[in-house]
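Chain by chain, the residues:
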Amino acid sequence: DAGVIQSPRHEVTEMGQEVTLRCKPISGHNSLFWYRQTMMRGLELLIYFNNNVPIDDSGMPEDRFSAKMPNASFSTLKIQPSEPRDSAVYFCASSSRIAGVANTGELFFGEGSRLTVL
Amino acid sequence: AQRVTQPEKLLSVFKGAPVELKCNYSYSGSPELFWYVQYSRQRLQLLLRHISRESIKGFTADLNKGETSFHLKKPFAQEEDSAMYYCALSGFGNEKLTFGTGTRLTIIP
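Which chain is which? The protein sequence lines are Z and G, in order. Per the working numbering: the first sequence = residues 1034 to 1151. Per the working numbering: the second sequence = residues 34 to 142.
Same shape as in the complex, but just chain G (with noise of 0.2 Å):
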């Protein structure tokens, strides 16, 4: 069974400081790590994915597997970035992509 964990359900930071948006993960076989952003009246889209190792709009996310953790993180917080972030788990190769419940992030001006 694959199971995404975000303990918060809301966070508010303050512009400039740093963000960082837990998520745990837990999963037998070699997992694939996403997140998804959420930003008001859009849709649901990629933000990043562990595999690329990329940073997105000042966003990094290192996986873990010791740890078996996949937190997002910004060093400063910017106004735009308040919007629900969801961690999201498959194994590698396969498609059925599970979903945390979420985290919705406001950044306070």
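In isolation and in its complexed conformation, chain Z is listed as follows (with noise of 0.2 Å):
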């Protein structure tokens, strides 16, 4: 198995534009988690989903953020219009979570999307 794969690993854009980063989960997997790591603030969760739906968007930083898992293998974060204060690294992560049971907490992470807003 890859593991979590994400796309684009690098992205540069200019103030204004749209930005979709990508992931695609672990097979199996049945949540998927939105993460944005900065040097001030560490890693921030966006949002997150279970079963494709969305659980917990309380993260997400402002109505120019949105995100969609249209099925169980992909899902898409996407800034529009994208600012140079958006300038992080983006994971997704994901995670079986079996009902009823403790969680494990343990999070499978993508490699990350670098996004630079100039």
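Note that these hints are calculated values from the structure, not bench results. Take these hints with a grain of salt, some might be off.
Not everything, but these chain Z residues come out facing chain G in the computed CB check (under 10 Å) [as the list claims (entries may be wrong)]: (1) G1036; (2) S1064; (3) L1078; (4) D1089; (5) F1124; (6) A1126; (7) G1145.
All C-beta atoms in this analysis are idealised placements derived from N, C-alpha and C, irrespective of residue type, glycine included.
Could you use the hints to bring the two separately framed chains together as a complex?
And the structure:
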């Protein structure tokens, strides 16, 4: 298994442009998470899905950010319009949740997408 | 609300010396605590979890509910321990995982 796959690995864009980040979770995992990593704030949870349904999007900074999970094997995080302060590394992670069992907490992370907005 | 605090952004330790990375948390319910590690050019990965009470790569961490802490310790640092370490928290049975800001550990040869 190649693990969680993210694309693109690097993105440089200009302010105002639309950015779309993509994620393919590990096959069989039913939870998917989007995190943003910055020097100042560390890893921030933006949104997570369970069985393709958004469960908690309270970390999404503002309306410019949106995320979708149309099926169990694909998710996107979109920023429109992008701003320089959105520059960060965006991580996707997946896990397997078993209903009624204590959370093992093991998230499997992708390699991240480094976004630079000029 | 759940919050994780790692007071040290950077920590340098000589090889062979003891290591302690601090983590404090805030959570009203029953917490589950974890340590994740990111080595250079590798993915962020789980190091250990309090519920397993295990030692991984010589590291241990004890959950202290009285002090709301989950410090990571190793008696003798090795060069390969240099990495970024994140403490993380979830509520019992809850999959939402909140991370601290991380500590970059550098082992000095």
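Structure-based check of each hint:
{"no.": "1", "hint": "G1036", "in the structure": "7 Å, holds"}
{"no.": "2", "hint": "S1064", "in the structure": "6 Å, holds"}
{"no.": "3", "hint": "L1078", "in the structure": "7 Å, holds"}
{"no.": "4", "hint": "D1089", "in the structure": "6 Å, holds"}
{"no.": "5", "hint": "F1124", "in the structure": "7 Å, holds"}
{"no.": "6", "hint": "A1126", "in the structure": "8 Å, holds"}
{"no.": "7", "hint": "G1145", "in the structure": "8 Å, holds"}
Comparing the model with each earlier hint shows no violations; every hint is respected.
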